[in-house]
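> Residues per chain, in single letters:
2 protein chains.
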Amino acid sequence: MKYLTAASRLLRHSSRNLSDLGSNLQFFCSIRPSSSCTSASNSISAHIDAIARLSYPSLRSYERFIQDDCFHRKFTLKNICFGGSGVGILHSLARFQSDGIRTHHRNLASTASIPERNKSFATINSDDISYFNKVLGGRGVVQDEEKLDDANTDWMRKYKGSSKLMLQPRTTQEVSQILDYCNSRCLAVVPQGGNTSLVGGSIPVYDEVIINVGSMNNILSFDKVSGILVCEAGCILENLMSFLDNEGYIMPLDLGAKGSCQIGGNISTNAGGLRLLRYGSLHGSVLGLEVVLANGTVLDMLGTLRKDNTGYDLKHLFIGSEGSLGIVTKVSILTPPKLPSVNLAFLACEDYLSCQKILVEAKTKLGEILSAFEFLDINAMDLVLKQLDGLRDPLPSSKHNFYVLIETTGSMESHDKEKLEAFLAQAIESGLLTDGVVAQDINQASSFWRIREGVPEALLKEGAVYKYDLSLPPEKIYDLVEEMRQRLGTAANVVAYGHLGDGNLHLNISTPQYDDNILAKIEPFVYEWTSKQRGSISAEHGIGLMKANKLHYSNSAETVQVMAAIKKVLDPSGILNPYKVLPTSVLSQS
Amino acid sequence: MKYLTAASRLLRHSSRNLSDLGSNLQFFCSIRPSSSCTSASNSISAHIDAIARLSYPSLRSYERFIQDDCFHRKFTLKNICFGGSGVGILHSLARFQSDGIRTHHRNLASTASIPERNKSFATINSDDISYFNKVLGGRGVVQDEEKLDDANTDWMRKYKGSSKLMLQPRTTQEVSQILDYCNSRCLAVVPQGGNTSLVGGSIPVYDEVIINVGSMNNILSFDKVSGILVCEAGCILENLMSFLDNEGYIMPLDLGAKGSCQIGGNISTNAGGLRLLRYGSLHGSVLGLEVVLANGTVLDMLGTLRKDNTGYDLKHLFIGSEGSLGIVTKVSILTPPKLPSVNLAFLACEDYLSCQKILVEAKTKLGEILSAFEFLDINAMDLVLKQLDGLRDPLPSSKHNFYVLIETTGSMESHDKEKLEAFLAQAIESGLLTDGVVAQDINQASSFWRIREGVPEALLKEGAVYKYDLSLPPEKIYDLVEEMRQRLGTAANVVAYGHLGDGNLHLNISTPQYDDNILAKIEPFVYEWTSKQRGSISAEHGIGLMKANKLHYSNSAETVQVMAAIKKVLDPSGILNPYKVLPTSVLSQS
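Protein chains in written order, with our numbering: chain A, 861 to 1450; chain B, 861 to 1450.
Any given hint could turn out to be false.
It does not matter which identical chain is meant; a pair holds if it fits inside one copy or across any two.
[As the list claims (entries may be wrong)] For lysine-lysine, the following DSBU-like pairs were computed, each having C-alpha atoms within a straight-line distance of at most 35 Å:
(1) 1198 - 1392
(2) 1084 - 1336
(3) 1381 - 979
(4) 1428 - 1259
Hint data in this document are derived by calculation from the structure and do not stem from the laboratory.
Using the sequences and the hints, build the whole thing.
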């Protein structure tokens, strides 16, 4: 009862709408982890978040300095044991020093779990270089070792290829000529945008030619009536966001990596991100694509129409196929109008069922203004408060088993606030919420988001962590957490948080140090459990190199066979992004 | 100024929100054309709407009585000249009498524009019938001539096939066994749901075996937390709507044909409908499918996850491919929560540019509550008021060049009303609107919708009409209308209306009687013009049999070639829905 009174008081006193401070949409962008060069020069903790959220294997224990265009401050990561790798995959030591990058990667070629180099692929010779120089007019034919080093290395500094050549085309025609040539020569290629893949999807595995579309970065048109943007694939997401901001629109997706990632890569990986709950997936937002096939054929599917039922909608094949079916060169995308009012509530529930019920209520009562629904459990909350400096419990009068963050975004601030307060009052009255507070200003909102976003960083500080990024039916999400706790007993701290509104669980298992026996208790159990529930072993990060051999956990054999057959039709020689997405065994059978 | 004052007064006096009357969402469903057997027994005019909106060729001049489960009243249609047919395609006379159906169809086989029967297809024999009886346990093997007559005949009563066999499987396994057998015997099949295709997509062209999935009509699961519905393909759309209504959710699509059409067919044709502006296309809403391929392979892609990036998202291939790549047997779909407040405004603009600007303003100011944005021009308005009984001009003080209907749907009635009024006041002040009124009760809202929905019926009453259903960039939409007026001069009345919010124009050309010379001035001009603007010659109705040879107007040769290659992979013998979607010439080349 004390809590209810406190909550009511807090809610009543939440009189300052966040939008009072103006430009709060911008603000909400900025308080989330960003790798933006322009905004994140002092956001090393955000970068740690971003790294931690990458959720994937193969860095066991390393210290590093990071230096790139964005990050200059030193930090130390200890005992990072990314789940999903399988035992024995990770033995890399990546070291970055402030006076330059020196990298000691595990050599992919020496690893049993990485397929052998496909011997049918040719290797680059001087004639090839001459041809590419001719096609690109002498510009964008990169053989410089240092530049290649960056392009050969993935965002996680976990994988490193050995490409000797990066091409930087500026037009679709150039991409077409390059691919036509590579296909005829049987030269393997890897398409690359911002190179922010978290699953080793955008780096060469061996000596593939890197085709980087970053120079194709023009906005081609924007229709202010329909909100339809057409641009080249190399446009950086954050640049598109800035452009649209001036036009009164927003991108339908927002990612931590927005300062580096490119729209062509976003589409090729079907990036999810922070706005999926509200604006849906890219399969709904992308209206058209221009794609170059392996043989250089340009598929012009660059429609700007919301309705077009003329034949098979082929563009969807290229959304999420990670550049293995074609290279996206141009994009047409529907963008939502920018809305001025944003609110954030930090709430407490006693059980997981209440979290689910609150979600249903929020979808009904907040309806059209609901823009985020995140959750974390008591283990996550305790860890954040223990490990991160300067954070306070927003609901200090008691501990709670679950915490929920609800964000609203709408067109009229007074309405949104009234809706939120009415919703919260009813939720408290019905017993679904045991406590709660609405952010009264930007600082408070920032601190609420910091708790949710800080979980990965807190986990890293705590010790070793096995990380899984899963989609599950909402009612099953916490069953897995509880089963995992039973399975591991006191040997590990099982921590759960994620995008409850999207059914996306970030399952993290924290131990003082890395232990093969723990991993053996987690895997393949976690994949098998997910598979049994018809869940996804990769909610939003894709398959890439890392999970090509785990595809069967979320796809039937028949489905994978059809994928392989389609790959064979569109890329008969398999030159596009080889060793990725599909198991090599399936490709060789098809 | 008089108008502004009048409008302000009307707006101020619009104090009764539609939702005062309760269940107004239901109401809004009911006032739209429906072919529901339960609701439309007295809605012959709605049925005329539905027919008129079908928008397609080949009925020139006929009278008919309609009698089926839903429609019993007599009406007469004169001089219906559906555009898009090409000269000389249409010579059918369909006559339905109240004492039974007697149909005099144009024989498809005798028509030059219909491909010849593919000689590689076998014909049914008694062994086949024995096999199917065994698979289906003696039920659902239909050879009765009268039942076959219905299944051989399309919704428009324009096409008639000559199938001798309809199979009605009840399980996926049965569909699989049937297709496996048909594939091995090279028996062509046509998948059929509610048989409401408007482009001849769901009827046999020759003697294809009809596989009707209407008996697979179970709801398999509904998750009240996520709003995810899983059901069999034969569920009738309206039944799903009723089911969800009790659960506090709605289907993300709503169609005039909802009383007959089935969800499997909706998905196979990527049905658009009335909610697309708000909830997007089925590519965004459909989360998973179960599909049976031509060779009987069951593709289990029946995920219930909002996020799943594990390999190629193959389900999109089957959304909109009109059953030519596989038969959809089960569906998983994300459904939005039901919201209680609905408002409707009927507004006037002096020019098309203002309509566009109003759309932009509505998207920003009404933002999250905007649920429909329709327009009609003065020619459409005049025609409706002239031809339809009992309709009055909602803005009688003056004529206007354009009329716009704006619908809002939201979670709190007072908020929605306030937003709408603020938006309208500003639009009037800025000169974008010259007059306007907000519906004050259900009857008024019904009469507003009746004006918009009544245009097709009014056109039919006026005489001959050439109908086109086009998607175009919004800023180009009215250019085509004006060019067409210039082109036709006083010989025809060019009428424009449609879903401006979706960029979907219904272009209608009305003449006293059908005239080949007029048609020659319209076609292929209208298709070429649409193609030049990168528009779509079929916004939402698909290709089917009718437009297979017009596919190139909205797709490049390379894209059509890839479609054909994918068809070849998934259905090598071409048994699935032959002669449809893709030009036969392309298929024979691939």
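> Indicate, hint by hint, whether the structure satisfies it.
For each hint, the structure was consulted:
1. For the identical chains of this complex, residue 1198 and residue 1392 are inter-copy neighbours only, at 31 Å across copies versus 40 Å inside a copy, given an alpha-carbon limit of 35 Å.
2. Taking the shortest Cα distances, residue 1084 and residue 1336 sit within 35 Å of each other only across copies (13 Å), while inside one copy they are farther apart (42 Å).
3. For a Cα distance limit of 35 Å, the shortest separation of residue 1381 from residue 979 qualifies neither inside one copy, at 37 Å, nor across copies, at 60 Å.
4. Neither within a single protomer nor between protomers do residue 1428 and residue 1259 lie at most 35 Å apart by alpha-carbon distance, with minima of 56 Å and 61 Å respectively.
The structure fails hints 3 and 4 (numbered hints given earlier, in ascending order).
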